[in-house]
Amino acid sequence: MTRSRRFLLLLALSLTLTTGCFGKHEIDDLAMVMAVGLDPGQTPGSVRITAQIARPSDVRGQTGAPTAGSGEPIWTVSGEGDTIMAAIRSIARFSSRRVFWAHNQIIIINEKLARRGIKDALDFFSRNHELRMRTWVVVCSEEARKMVTLKTGLEMIPGVSLHKLFRYSQVVSEAPRTDMRTLSAAYLSESTHPVLARVQSRSRLISVQEGSQEHGSNPQVELSGTAVFKKDKMLGWLDMEQSRGLLWFIEPVESRIVVLPCPSGDPEQNESKNGKISLEIKHNTFEVTPHYDGKKISFTAHLNADIDLVEVGCETNLSNYDLMKQLESKVRAKLRREIDNTVQAAQHTYGVDILELGKIFHNVYPAEWKKISKRWSELFPTVDVRVEIEAGIKSPVLLQKPLQPGK
Amino acid sequence: MEPIQELLQTRFLPDLAENEKILDKILGHSSDLIRREFVFHSQADLRCLCIYADGLVNMQMLDLSILKPMMSWNALLPESGRVRPGKALAKRVLEHLVTNASVRTATTFGEAIQAMLSGDSMLLIDGSDVAVIAATRGYEMRSIDEPVTEPVVRGPRDGFTENIRTNSALIRRRLRDPLLRNEVVTIGEKSRTDISILYLEGTVKKGLVEEVRKRLQRIRIDGVLESGYLEELIEDAPLSPFTTVHSTERPDRAASALLEGRVVILTDNTPFALLMPVYFWQFFQASDDYYARYWAGTFFRLIRYLAFVISLTLPSLYVMLMSFHHEMIPTPLALSVAAGRESVPIPVFLEALIMELAFELLKEAGLRLPRPVGQAVSIVGSLVIGQAAVQAGLVSPAMVIVVALTGISSFAIPNYAASFSIRLLRFPLLIGAGTMGLLGFAAVFAMVVVHSLSLRSFGESYMAPVTPLQPGDQKDILIRVPWWKMDKNLHLASSDENRLSNNQKPRPPTTQVGESLFEDRSQSKPQPGSKQNPEQKQTPKQEPKLKPKQEPKQQPKQQPKQEEPKQEPKQEPKQEPKQEPKQEPKQEPKQEPKQEPKQAPEPAPDEKRRVQQSSKPGGKPPKQDRAWRRGRRDT
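First to last, the sequence lines map onto chains A and B.
Following the working numbering, the residues of the first sequence are numbered contiguously, the last one being 407.
Following the working numbering, the residues of the second sequence are numbered contiguously, the last one being 635.
Excised from the complex, chain B in its bound form (with noise of 0.2 Å):
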């Protein structure tokens, strides 16, 4: 037999009984590739074969666009009597007959043979040396449903799911920029999986994209089935216990990464995507943050990382202290905890690594069992196991507190990934502290900590910007600053964009209910500072002459209402003195007079308040109306 290699190559020849005994060769006779003959102009007898993998086309849409055409509709064919088999049958087939969105020919099996396996349809013709491929796919797919790893409490709902397709047009949905890029490649000799890259172009930095490609390129593996095995053999660091490369179920985080600069990496049948480069810090972010506001945000960012300390040091802290220094203990404390020691008959170091490595038993347990069972376990294991142990004096309840809080805690990192590198760091810290004290936590801590230090992260440094410090990047770092302080691109971008204007913080207007309608229209954008002033002078001259015709009907009434709050003339004087050194040329108070009972008209819930205030006697309207509005706007 050919190896299955050079068969690929070959070209489809134009005898279709050739070409069925080479496909006979390379694809054997699965039941599911099903071949379905059939005859194609019933004058000249051309026998067709359509070939498609069952349970990845779609059924109706192979029907109606290639074999009912094909079938029935041979008369359309232009020139009927005269049909000359060869490459130009195919193409006008292509062109006339097959009504598919989506068509293509392919020279070569391996091609052909490529596409059908992905769900399109292989149409081979008798006398054609070509084959055309047209789009069925129609495969069955998870609904889009809520990302299980990630859930949120505010924000969007939906995941990412096994189609790469849907993934990407979930995230195009986010970024309707032209210049979201979204190239192909195919990683795995048998799996022949789909990757897509997407990236800002215009926003990434120069280079990353290159060197993502290229590492992707260098793959040579039999079959990619999920996008750890792609982040495992592309990342920088790949002893080291920290991920370089972030993944995420979530379709919103994979667009702001790609807001940021950041490059991401869709495989097809799995809902991870790879975001990359990466922060140490990114674990600490959760999509959570963003979407409620800054305090909240802030709030819980700090409690993540005090999270993150609990889960990493609280075990090793406790047994350094309880081992080695118990004069750093306070008294009460040191007391209890010998107390509930009592009974305990092995040393505090195998207790704490006894009850740590129970815990993660539990845990994995609990990932492994059907859903019902999983509960009972959960609940089970942790609370009437834990309290029977101790009271069989196995084990001291300090100890199950101490575990059951550092559980606790690092189910708080958001990302699992993350969670997970830290649970693994915690027990060489516990063996360190253990064995020697507040030495080895200390000398195990500064390994942990030298070595994150010089990790890279597709030329990012893992740890930045906390060091090297980056002052402009620490805005979402320990807090969340609002969204109208986040202005700049991240360092990891291409700085020449900024996200946000100027001056996006919101403020209540600052002008009257009523004539702000009027004067807000006229401006651009609110700002601050006397610039806007003749603007704003102007815009009163404007209102006497939209509305003459009011004033002889509403003069009538304002009369019997000036008799109301008499504080107002004493309010006057008082402001006016203050601010009329603030007045800017002496011409307002010039104009005044003239605008101000052309002002008198207006909507009617506002009238009352401007009456009140015109409440001096010869209906002039008071200059404090003017500097009250001034003064206001001085904010």
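Okay, chain A solo, but in the shape it has when bound (with noise of 0.2 Å):
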């Protein structure tokens, strides 16, 4: 090699020198975010950030290495300032470690700061390029700070837990999915607006120990309705049937349960009366269609679905035809009317476009739209939506019959 490539080279392998490992950070110096809570600070118009940080090393077992362990997996603190970027400065203030977001699993908003607009949330959650687009958000009826705090038994961190309860509610099926991107895909769109689920705290767990702290019960978080927005205020709450009907519009629903008492007309009914029979709704499919013949629009919503008998608490044989029938007319007759709800409290209780009509509209007559785009929040709540179901019991699972004494 010559001389002047020689030189060079080594030019170029000190270069690496000089980077200074740029944008290094010790993993063990973060400060990892879990969970965030916003809350309506203590002067006007201010904000109070409630940070859940995890502690690694109360976290994993142990490896024998001293740690300073306390046996508290979260550590939470808070900080207030005029913006929620003041705030978190404020955290970083007396935080003996960088606080670091990138993996913070949910936002929980307090309900007086919604109503109050989160327009300041949104942009700063999507700005920030620590923060991920797929972090879950809720809106909370209490303090964020308290519901930041809890403690749930599960996993090791609430934050963890929270972010677990999303991954998880399609089997349930009450509340939506809303995370930072869908947040944001409602707010921006033309005529969608934003919903938010809904976490509260429940006390439904049972200590075990007798005369500890926890005694009596640990509330855990649930989720449990839907948060009603316009634009970026709150309007208010839909509850958990009224979201049961909602999920249909914005979200594939996976399985969902539907209860109903037994038929009559059966003569075996004398001991049990009040016998209820839980249908599973498995495959489903869901399409809301526009029409629009140049003065009134109309919208068709039509749901598929297949049922399952997933538990009879009746003496009946159900391999009858008409008994079948009848359960699959109760069964439609309730999705009916979850849906109607649903369609209600949109358009006459808070007459915001949370069902996405405006945008299958758009899809559908793109022509149409552009003249009545401007006009969509006056006109949503005279349109007629129409509910069509079709729903077939298709499998009693693994018993034909239900089990009947030997006696």
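To be clear, the hints were calculated from the coordinates, so they are not data collected in a lab.
Each statement offered as a hint is correct.
Straight-line distance between alpha carbons at most 20 Å, and here's what the computed SDA-like set of lysine to any residue pairs gives:
| hint | chain 1 | residue 1 | chain 2 | residue 2 |
| --- | --- | --- | --- | --- |
| 1 | A | K230 | A | F380 |
| 2 | A | K24 | B | A442 |
| 3 | A | K24 | B | H326 |
Using the hints, put the two chains back together into the complex; each one sits in its own frame.
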């Protein structure tokens, strides 16, 4: 190699030393935030941030190395400021480690703050490069501070347990799976208004130890409904039944339970008059088609569901065709009621399009949409939504007939 | 003193005393170069001198083939009265007295001394101006043993030894082709080491052997002690961390390289043979792959590629993710690693470097230690020290896992030299990843890749056949295709011949057990297709001719057996309509009734089956029989 080439190579290699390991952080110098709660602050117009930070040495099994272990897997801190960024920086004032947001699992927003408007939060969490768009966002009616400090029992870190709540929420299908992405999509869209899932704390757990601090019950966090927004301000809540109806429109529903009382007209019902049947909705297709005849806008929602019998509390012979038909019609009625309820709430109680109907209309009639898009918020309460449901009971899982006593 | 070179060039003088003086000057008086003086032909009183190197010669052979005949049988020499000294004397001694299998004459001191130092014996006769050289080599050699660096589970367990003749014999045993050439070159001023160049003429590409010879002849060095010297002196890319010459201790590997059109270089005094040219992907091929079935071969080869990737990149990836890109790590892993690193005082990059260096130290120490101590150190060192270091809070447990995994992966690569170059490359990658994160890792990796793409090995691209892509050669790179598929020669050989003929895929016989014995003998190769059918139809004709006598004897046996399963008649009509359209010219149905009753006499185990099928009343064998066979043949 010639001299000049050698020199150039050395120069290039020494460039690696000039970077000074820029951007390097040791992983144990990071305070990883697992969950963050937003509350309105003491002074009006300010925000209080509560961050749930994981303590790694207490999270995972010990290696025998000396640690500053105090047994608590999380360390919760809060800071206040005029804006969210200021509040976060105020946390950095007393935290010994750099606050690291990339592993944040969930954002909890207080109802009051939500009613005031979450525009700034939305902007901050979208703009910041450390925060991910897949972080769940929920609203709660209590103080977010309290929700963030709650210790749920099953997971080491409560933030992770909240995150997993959403992962498996499709089993229950009673709250929408809202993350920053869906929130931004709804916020930015021309017609749809955002919704956020609701969490609340409920005493469900029974502690094993008597006399311990958790004697009585440990409050657990549960998904229980939806918050309806107009642009960025919250308007109100949807209860469980309305949320269920809402979910058909905005998400693919995987599985759901419908509980019905036993069909009447059965002579053997003496003992079990209050018997109930549980049906599970397995495969379903839900489609909304718009119709526009120049003046009137109407939508048809078509739901086609396959239903399994999962629990039968009556002693009926279910191979009876008429009985099945009865059950099916009851299910249909129930679902129809749910959806009508939701549509009612969206159109009349709140008057905002949270059902993505505008988007569907836009997809099918783009030219007409251009004309009416400005007036959509007034038109929305006047549109007709017709619901058609087809439900078929396809399988009784493992038992053809309910278990009957041999006597 | 005259320079040795000149002395070595001088020719022998007819006077023995003069020769002795010159020999004294050249050789001095070494205790292991022994001179045996004796008298030959008592009447003429000719003095002779036999010089040999003690330890290199086989004393028995020396006694029997030189000394004994010369000293005791000189009476056999014709014209015993008149012995004329001179050139002719040496030749006559050669032809009549010295009974050694390999003899020659030498005219200069240099030639004779060279031979003597190699283990031959030098015989000087007073009055003759040539020396007789007899091959009496017989030194202590290591016995043929399993190669230490390349053991296999299945395969031959003989490895090369330090004797070049044994090594070439091991190769010749495997390739008994007359086209296998063995050329000898002597390299090294002082060591005069024999170097053999082996190649299969006709299979090697033109120009390769010339190039090899040219490079070897360029070498001017004082001694070649190992083939590694040659490797460094003839390789294409002396500055590259990648080896462009393959070294192996296994003769079966050398033989297969010869078959592929490569050149093998054997060096005396070392069991390592050199193969050239080489592809990078060859270093992941172990002999095992070819001897076990191709499923196993393919599986282990894929594991080796995985091991290659792990051993090259795992520490760098770990350092890079943990120092710069924490958002790419899944949360539970991030927490685990952070927990492990709580008490460690040094940053991840430094920790990785230290652990890697410690691991290399352990490996090197394990090599140098005597065997019993070495075992203890490897176990104690890795387990206890690693554990203790973690407990003391000096390293994190995740780092120990990473380093251990890397080390184990680097052992999975069959060729030691290649695994070393990969280990070497790990460090720049680590430094790049530790200083500049993903950017640094990608930059260094790109540099390594670009460099490796530019390499050539004796004219072949180093990264072939992946790039430049040679689709026909892909059969042995990522997976090992079965032997019946490896039919073409590699691109680096002259592609005139095919390795395998077509249609080598084995399959079970397609005819009945009994009859097929006859039918297969009458055919050359089993081939699917209708061309065979006329042949096979003919053979049944032959059978009745062969066995006409057996018919009357066996027919009575058939009748009681006809009552057996009546399902057969049901099957027959079903099969007939299906298979009749498949029948070829209508001659068959006419032929069948003639042939089938004669086909009935068959060896006993088959007879039962045949008889069952011919359970139609009247003794007519069913058409199903023929048709069934035909159907089976359509595989």
